[in-house]
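Asker: Here's the letter readout for the chains.
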Amino acid sequence: MVERRPITTFITHAVLLLGVLILAFPIWVTFVASTHAPSALASGVVPLWPGDLFLENYSLALGKGLAASGGVPVGRMLFNSLIMALAIAIGKIAISLIAAYAIVYFRFPFRMLCFWTIFVTLMLPVEVRILPTFEVVAQLGMLNSYVGLSVPLIASATATFLFRQFFLTVPDELAEAARIDGAGPLRFFRDILLPLSRTNIAALFVILFIYGWNQYLWPLLITTDESFYTIVMGIQRMVTVADAEPQWHLVMATAMLAMLPPVVVVVAMQRLFVKGLVETEK
Amino acid sequence: MAEIALAGVKKRYGETQVVHGIDVEIADGEFVVIVGPSGCGKSTLLRMVAGLEEISEGSISIAGRVVNDLEPKERDIAMVFQNYALYPHMSVFDNMAYGLKIAGTPKAEIEERVGRAARMLELEALLTRKPRQLSGGQRQRVAMGRAIVRDPAAFLFDEPLSNLDAKLRVQMRLEIKQLQKDLGTTSLYVTHDQVEAMTLADRLIVMNAGVAEQIASPMQVYEHPESVFVAGFIGSPAMNFLPGRVAQDGGSLEIRGGTARRAEALAISGQAGRELLIGVRPEHLQPVPETEADLFLDLRLVETLGADTLAHGSLPDTKSTDGATKDIFTVRLPGSVQVSAGERLALRVAPGALHLFDPDSGHRIADL
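Protein sequences, first through last, are from chains A and C.
Numbered per this note's numbering, the first sequence spans residues 78 to 359.
Numbered per this note's numbering, the second sequence spans residues 64 to 431.
If you're looking for bench data, these hints aren't it; they were derived computationally from the structure.
Watch out, some of these pointers could steer you wrong.
Computed beta-carbon distance windows for the label pairs [said to hold, decoys possible]:
no.: 1; chain 1: C; residue 1: Glu187; chain 2: A; residue 2: Asn291; range: 50 to 60 Å
no.: 2; chain 1: A; residue 1: Ile160; chain 2: C; residue 2: Gly77; range: 51 to 61 Å
no.: 3; chain 1: C; residue 1: His287; chain 2: A; residue 2: Phe196; range: 52 to 62 Å
no.: 4; chain 1: C; residue 1: Asp228; chain 2: A; residue 2: Asp249; range: 17 to 27 Å
no.: 5; chain 1: A; residue 1: Val340; chain 2: C; residue 2: Glu187; range: 43 to 53 Å
no.: 6; chain 1: C; residue 1: His287; chain 2: A; residue 2: Gln242; range: 50 to 60 Å
no.: 7; chain 1: C; residue 1: Lys170; chain 2: A; residue 2: Asn291; range: 47 to 57 Å
no.: 8; chain 1: A; residue 1: Thr301; chain 2: C; residue 2: Gly77; range: 43 to 53 Å
All C-beta atoms in this analysis are idealised placements derived from N, C-alpha and C, irrespective of residue type, glycine included.
Work the whole structure out from these sequences, hints included.
Answerer: Encoded structure:
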């Protein structure tokens, strides 16, 4: 905006503050609720200031979990989620990098067909193919395992497409210069293309890590063994207990904990992330 | 260091043929420039020598070895690209060392060779920088350095100066020339800029539409162009062309419309009435008193460049007769000569400066 008048400044700030409040309020309530005794929440009036049971509630959630929903400690679920999210993010990036490299830099029969096949799968969300996928995973005996949690989600049309677009912007002369310098295809990939894709990889890692972390339906389907529960589905299990009051204070503590790792990843990689989205280093 | 020989080299993309059989032998240490308008196949030819394009027909040999089926790295060549093609994430040192590193050269030797090239190109202070921290001229030098450190049999340049500003281009042109002289490495250089071509080359290959129109030294090309295309392409401002014919007496030349007449012994005497295309360079016309004039020029536009003045106009009788003769006729005069638009200028052609071409085939008949 070119105009600078006090009233417009006031209005824009007011709108921004309102937005922040709307977004932050549920999180604040979650945090406050996680620091009170269960009775404070069951009464119907939600307190707005933190209580004094922060340490007790969180250590209970992390260490023991809820007895009523299988008693899986949140620590264990966090670990499972971390493994799954990392495997999905790293696996997706590795596979799509290689796939995009093949599509952009090599001439082989049905190259465009391959590309379009990958591209078309962009249109199919996980949920559409979830039953056949479940069947395959079950037949392969991968239920209740980290492999089963991550491998079926690893193929990524989106990431392949993004890397393809990035590779297309890399000048052809770079590949030619490398050829004249004597670099073979693998060498070129490792020495030139990978370092150039660094910021893109970082940006995708953030997105894919959060994607993996937030997986809900798939882990819900294929894990029956409590030791493989992930945290996002775990929260849901805590709420739908059969014959007892939901332990809201612990549910809220778990929710807070579930939110933390994605936040940490975003904050830690923010600089690279933004760089990867806005500029291409060439 | 080595000679390069091209024999009947052709390039086809499917049905379309873009290079129609080039034969040339480049001697050891020679600097050959391929010049031509865009799309004439000059870059394709260079890329075939480099091994970046397949050769459809014919053979290319470097240092007596046919390289048709060799990978670029096995051809012992180095190439400088138009956009430099520096690896953006590597320092200047790494950029220059990359080829050697891949070849498995010992570290000490890499450092020594890169150091030597950097000294030669005055890049020593910049070795730790990344390409994006360099100016255009410095990037160009790094690209040159990358070629030099490998000590190849031949340098291939693909329009290396076209991304630089005019002043830098002149400077780098001199540097390239000096460097090539010092190293004595056989070089093949592609450009569309005829000034670059004239100044750098030991020998020129003037290409048009996939054909080498003339292969000769720059002065040879300038003084005795083999075809209308070469005559018009080399030289700036371009050569003027006029239709004309051999007069009925067989001993003089008639420019159509009868503006100018010139009695001279013609190499083509006896061909009275033959139609010709007459070329004369702007710098080969001098203003003279009316009685001595070969032709007259009605000036329409005058450009003063300082040292020279370019006067553009048309010949009086050719103004509205037919389409082909309405072209602008240009004269280059010394800057000291004062002329202005609207004047009629009497001009005399310098002796031996008329180029006669066959109007149908475009081939040279004689110089006069």
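Asker: For every hint, state whether the structure bears it out.
Answerer: How the hints compare with the structure:
no.: 1; hint: C:Glu187 x A:Asn291: 50 to 60 Å; result: holds, 53 Å
no.: 2; hint: A:Ile160 x C:Gly77: 51 to 61 Å; result: holds, 52 Å
no.: 3; hint: C:His287 x A:Phe196: 52 to 62 Å; result: holds, 59 Å
no.: 4; hint: C:Asp228 x A:Asp249: 17 to 27 Å; result: holds, 25 Å
no.: 5; hint: A:Val340 x C:Glu187: 43 to 53 Å; result: holds, 47 Å
no.: 6; hint: C:His287 x A:Gln242: 50 to 60 Å; result: holds, 53 Å
no.: 7; hint: C:Lys170 x A:Asn291: 47 to 57 Å; result: holds, 48 Å
no.: 8; hint: A:Thr301 x C:Gly77: 43 to 53 Å; result: violated, 59 Å
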